[in-house]
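Here is what each chain is made of, one letter per residue.
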Amino acid sequence: MKKLLLTAGLTVALSGTAMAGSGPGCGLGSMIFAEKTGTFNHVLASITNGIYSNQAFGMSTGTLGCDSSQSIEYTQVAAYLDTNLDQVAVDMARGEGEALDGLATLLDVQASDRAAFSAAAQANFTRIFPSADTTRETAVDSLMAVLREDQNLAVYALNA
Amino acid sequence: MKTGIARTLSGALVLLLLGSAATATSTSFNTSWIHWVEQNRLYHDDGWYKVMHYRAISGGARSDVEDADFFFAPAGRFDPVAELFSSVRAFMTDTPELGDDAAQCRYPRRFEWVLENFPEDIVFPQVECPALSAFIEQSAPSGMTLIYPNAYLNNPASMFGHTFVRIDGQSEGETRNALLALTVSYGADVQPNENGFVYAFKGLTGLYPGSVRSHPYYRQVQNYNELESRDIWEYPMNFSPAQAETFIKAGWDLKDININYAYLLENCSYRLLSLLEAAFPQYDLVEDFDVYAVPVDTLRTLGRAGLLEAPRFRPAIASRIHFLAGELAQAQVELAQRLVDDAVAPADTEALAQLPAEQQRLVVDLAYEYSRFKAKKESSGMAEVSYGLLRLRAQQAAGQLAPPPEAWPSEPMQGHGVRRAGVGLGYGADNRVHARFRFRPAYHDNYDRQAGFLDNAQVNALQAEVRLSVDEDDEADLALDRLDLVDFRSLNPYHAMTPSLAWAGRLGWLRQGPQEKTLPFGAEIGLGRAVSTGSNSLGFLLATAEATTAPQLLAGLHAGWLVDVAAHDRFGLEARIVHDVLAEEPSARLAATYNRVLSTHRAVRFQLAAKTQGQTLESSATLDFNWYF
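Chains as they are written, first to last, in my numbering: chain A, 5 to 164; chain B, 7 to 635.
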């Protein structure tokens with residue numbers, strides 16, 4: 005049974021602050037191996053040891069521009085992958101890793117299914133990441149397709 | 007700022023005003039909590055001060071928080087008495103419709119402290135706080151970990167490391183993946199495109215606004231480990247889940263509140279200690295610091311309070327590259343490099359296929375990390391290479407190799423003390439013995455015991471050297487020989503996969519020799535390369551340029567060789583040749599230095615030097631006893 009990581013109150017907050025996204029749902033998101041932040045802003049932000057952000061106590065999802073049609077789980081997965089896509093990609097290629105495990109946690113994969121999840125990710129790596137400019141949105145869609153084809157893992161696929 | 011009598015008078019005045027403002031509830035109920043506060047003088051309680059970040063100042067108290075929004079009383083920043091009455095009144099008049107804007111929801115730690123210190127028969131309105139509850143639910147606290155990203159020489163405020171707290175989460179009774187944890191940290195609010203000089207001035211003088219923020223830990227890891235290539239140390243803290251929740255509330259009190267950032271004292275690490283005090287007033291953490299707070303010293307304060315356990319090491323991208331390279335033979339390291347530099351060419355993939363499976367995995371892993379490191383400088387083209395390597399990797403067996411604890415560097419608290427004081431003797435060109443005293447408020451040089459510090463990184467701030475000599479007429483003379491504002495040197499040995507320049511920079515006053523009457527101010531920079539000359543030695547060569555107020559304009563070369571001896575000792579030979587463009591005069595200097603470590607915080611340093619000045623050759627020797635604290 006899926007456990008919501010956020011209360012309903014937050015859903016209200018999210019939909020209230022939806023910004024214009026670049027696509028349906030949460031937009032295309034970042035690409036793997038794309039430069040993550042503008043270097044100058046980054047340098048200054050790191051000078052003062054603060055990741056430059058206009059969210060004081062924001063949770064990761066607010067700036068994504070996800071619209072209210074998206075489930076909370078999808079929004080969290082999208083936010084996580086937008087920062088972490090490289091790390092998850094390399095963990096999938098290696099068949100294990102902390103970043104991949106973080107994704108499994110967000111998808112609520114049971115401990116007993118984690119090994120199968122990692123194995124399926126590695127076996128289907130080129131399907132989930134078909135090229136060097138795979139976007140987060142494409143990767144998530146492909147991963148969900150992979151999960152649905154496995155009878156043990158299908159239960160974890162998001163309906164997004 | 008008020009005296010004790012004025013405080014009591016203002017308290018009485020508030021009491022009168024509150025008592026006379028009749029509300030719907032009975033007068034006796036209204037005043038009972040006021041009597042409780044007065045009887046117990048709660049407004050002078052150490053806990054109240056800590057929760058509100060008050061510091062005692064001459065004549066009264068002042069909160070570190072500059073933002074008027076933090077206070078309910080008009081001059082609350084300077085008036086703990088009025089502020090307590092006004093805060094409690096605000097909590098008393100909250101209504102459920104206010105939701106997240108209720109005083110209880112905006113200042114949950116303050117409210118929690120009031121509840122803890124009030125008798126149970128004083129009842130407050132019940133208010134739900136949806137945003138706070140959602141945050142606590144998402145963080146699902148099981149404990150706290152103190153995160154220490156290592157020093158980073160490329161930015162001034164990062165040269166001494168950084169600290170923030172990670173709220174460890176649990177999921178169905180098990181520890182949840184650390185990357186998903188929420189963090190609480192304090193930093194300056196820098197506008198994009200801020201001018202570098204404006205930044206430096208405002209940062210040093212405490213004019214930068216600053217705030218407490220929260221990010222998921224994976225964003226921090228991405229920033230420190232990958233973008234900045236800084237190792238991260240994670241110190242589990244001795245706090246329970248309930249205490250972690252209290253800490254969240256202490257951070258929430260400061261959400262969207264401005265507290266000015268000051269680089270020297272009220273910086274990220276200091277603010278973190280005051281947040282911990284606000285959450286757990288039984289600890290005294292901030293009192294150790296008055297002029298400046300160096301992050302590793304704040305770790306030591308927490309260690310002495312029994313709050314930290316042995317740390318875990320999270321290696322940065324450069325560290326992972328060096329580790330993997332160390333696990334492979336040189337030929338395979340070169341193959342890994344070619345795989346990237348030649349964009350996964352067939353010749354290289356064929357050579358790869360000849361290796362045993364285990365080594366193929368390591369080579370591809372190393373090549374991938376190198377491609378990501380290389381992408382920092384030249385991102386175009388690297389995406390295809392990194393992707394090609396991942397495709398290769400996905401066909402190999404699962405698994406990854408991380409540096410085991412034996413391979414971890416020494417953790418920062420194992421290093422020598424941040425301050426160094428030295429007493430010594432010198433024998434100089436005047437053929438006389440003199441005494442010398444040196445003091446350095448921070449931080450570390452290339453000859454000090456290296457463990458616990460960034461390899462080969464010298465960061466000296468405000469180092470001063472004073473000489474006491476007796477001249478021919480038996481008159482004692484005290485002279486300042488040196489005062490550096492800053493003196494940095496980075497001598498990272500060149501590694502083909504993580505290329506770096508060796509560099510040096512110094513700004514300060516330096517007397518050219520014991521006979522010299524003047525103390526000119528100078529600026530010097532050096533750029534060049536360091537190379538590894540063995541498993542525990544390095545050589546370097548820098549091209550240098552220096553300008554002084556003597557006046558002098560010098561250009562030259564600085565070469566050196568440093569070697570680790572025994573467990574922690576260091577020996578170095580350094581030679582400098584400079585040409586004074588203005589005086590048309592060359593000079594050379596050769597120095598041999600040996601630093602003998604007696605213990606973590608004590609060492610003896612011996613130096614022999616010879617210098618040419620025109621036609622003359624001057625030699626000198628010094629012997630210093632240094633201790634670090």
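Read the hints as simulated data drawn from the structure, not as lab findings.
Treat the hints with care, as some may be off.
Which residues of chain B face chain A? A partial, calculated answer using Cβ under 10 Å [unchecked claim]: (1) S177; (2) L185; (3) D294; (4) V297; (5) Y374; (6) S385; (7) A400; (8) Q401; (9) A403; (10) P410; (11) H440.
Built from N, CA and C at the ideal position, the CB exists for glycine as well.
Going through the hints against the structure:
Taking 10 Å as the C-beta contact cut-off toward chain A, the hint placing S177 of chain B at the interface holds, the least distance being around 7 Å. At a threshold of 10 Å, the smallest CB-CB gap from L185 of chain B to chain A is about 4 Å, leaving the interface hint in force. The interface hint given for D294 of chain B is broken, as the beta carbon of that residue sits about 20 Å from the closest beta carbon of chain A, more than 10 Å. The beta carbon of V297 of chain B is not positioned within 10 Å of any beta carbon in chain A (closest approach about 20 Å), and the interface hint is therefore violated.
Here the hint on Y374 of chain B is kept, as its CB sits about 6 Å from the closest CB of chain A, short of 10 Å. Annotation: interface hint on S385 of chain B holds; nearest CB of chain A at approximately 5 Å, less than 10 Å. Nearest Cβ of chain A to the Cβ of A400 of chain B: about 4 Å, under the 10 Å cut. The hint holds. Of the supplied interface hints, the one on Q401 of chain B holds, with its beta-carbon coming within about 9 Å of a beta-carbon of chain A, less than 10 Å.
Proximity of A403 of chain B to chain A holds as hinted, the smallest CB-CB distance being about 7 Å (cut-off 10 Å). For P410 of chain B, the interface hint is violated, since its Cβ never comes within 10 Å of a Cβ in chain A; the closest pair sits about 16 Å apart. Below 10 Å, beta-carbon pairs count as interface contacts, and H440 of chain B has none with chain A, the closest being about 41 Å; its hint is therefore violated.
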